[in-house]
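Colleague: Take the sequences, apply the hints, and build the full model.
Under the numbering used here, the first residue of the sequence shown is numbered 278, with each subsequent residue one higher.
One thing to keep in mind: the hints can contain errors.
Using C-beta positions, here's what the derived DEER-type ranges look like [said to hold, decoys possible]: (1) S495 with E306: 12 to 22 Å; (2) D516 with I422: 14 to 24 Å; (3) L399 with D340: 33 to 43 Å; (4) S519 with A453: 15 to 25 Å; (5) P339 with R518: 13 to 23 Å; (6) D463 with R440: 38 to 48 Å; (7) E441 with D516: 23 to 33 Å; (8) R397 with P329: 22 to 32 Å.
These are computed hints drawn from the structure, not numbers from a lab. Note that the structure is a prediction, hence the values are computed from the model and not measured. For every residue, glycine included, the Cβ atom is placed at its ideal position computed from N, Cα and C.
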Amino acid sequence: MSVAASAPRDVLVLGCGRSGTSIFGELFESLPGYRYLSEPPVDVLRSSTGAPALATKVPHVPDAAAAQERVATMVGAMDDPIVIWVVRHPLDAIASLRVGIADGWGHHPRPTDWEQWLDRPLVERCAHHWATVNTVEWESARRHIRRVQRYEAMVTDPECTAREVAALVGTSPDEATERWWRRVRDRDDEHYVEARTSRRRSRPDHTVRVGRWRENLSPADISAVAPIVAEAAALHGYDVRSAG
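Modeller: Structural data, given as structure tokens:
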């Protein structure tokens with residue numbers, strides 16, 4: 278497989294934590310012509326311009342910055358990046374967010390009112406986090422977004438995902454990229470390799486990734502979170518009202 282003739286573009290990967298941003302970001306470690314940074318301080322991006330192209334996932338911008346300002350800061354720190362938004366079914370994301378949100382609301386960007394939610398049940402905090410990222414942050418980034426990457430599509434057909442993304446950003450998959458798509462899947466097996474930055478917040482409490490909420494969330498949990506995420510879920514084409 279050969280590298281595309283044109284130089285690859287910088288890439289900014291955005292989305293809610295535990296939605297596949299880490300494993301999707303690691304795709305760029307395998308694509309020719311890229312170096313990849315996971316959640317770096319945004320100032321690091323300003324000193325990382327030039328060849329090879331830069332791909333980064335959800336850079337850290339101070340919490341005090343408004344969403345629109347955060348997105349503008351991230352985009353402005355890179356060389357006209359292609360922005361890709363990764364989204365996952367809210368109930369699956371909530372199930373996966375529990376570890377990090379329980380750990381000092383350890384996912385970013387935090388909602389501006391996150392401290393007002395600290396006395397709410399954990400699943401409701403996770404729901405608020407997902408809904409905020411996928412409305413407030415989404416709307417701030419929307420005009421920049423070139424591709425919406427559904428988690429479900431990525432784990433169902435990672436090869437197709439890799440080839441489409443490579444074509445979008447101006448490169449071609451090679452043997453390293455093939456190794457990436459062979460490790461991405463819905464169920465654990467001898468080929469599955471989890472994203473490095475995801476491992477400390479993973480738990481062996483589910484057998485599948487798509488639909489894991491059926492193993493992790495109770496009917497009471499679903500009733501509690503559905504009103505919180507319903508509007509954002511519909512915005513991204515997910516239905517939570519019928520999940521009870």
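Colleague: Would you mind marking each hint as holding or not holding in the structure?
Modeller: Here is how each hint holds up against the structure:
no.: 1; hint: S495 with E306: 12 to 22 Å; verdict: violated, 38 Å
no.: 2; hint: D516 with I422: 14 to 24 Å; verdict: holds, 22 Å
no.: 3; hint: L399 with D340: 33 to 43 Å; verdict: violated, 20 Å
no.: 4; hint: S519 with A453: 15 to 25 Å; verdict: violated, 41 Å
no.: 5; hint: P339 with R518: 13 to 23 Å; verdict: violated, 36 Å
no.: 6; hint: D463 with R440: 38 to 48 Å; verdict: violated, 19 Å
no.: 7; hint: E441 with D516: 23 to 33 Å; verdict: holds, 25 Å
no.: 8; hint: R397 with P329: 22 to 32 Å; verdict: violated, 44 Å
Checked against the numbered hints given earlier, this structure breaks hints 1, 3, 4, 5, 6 and 8; the rest are met.
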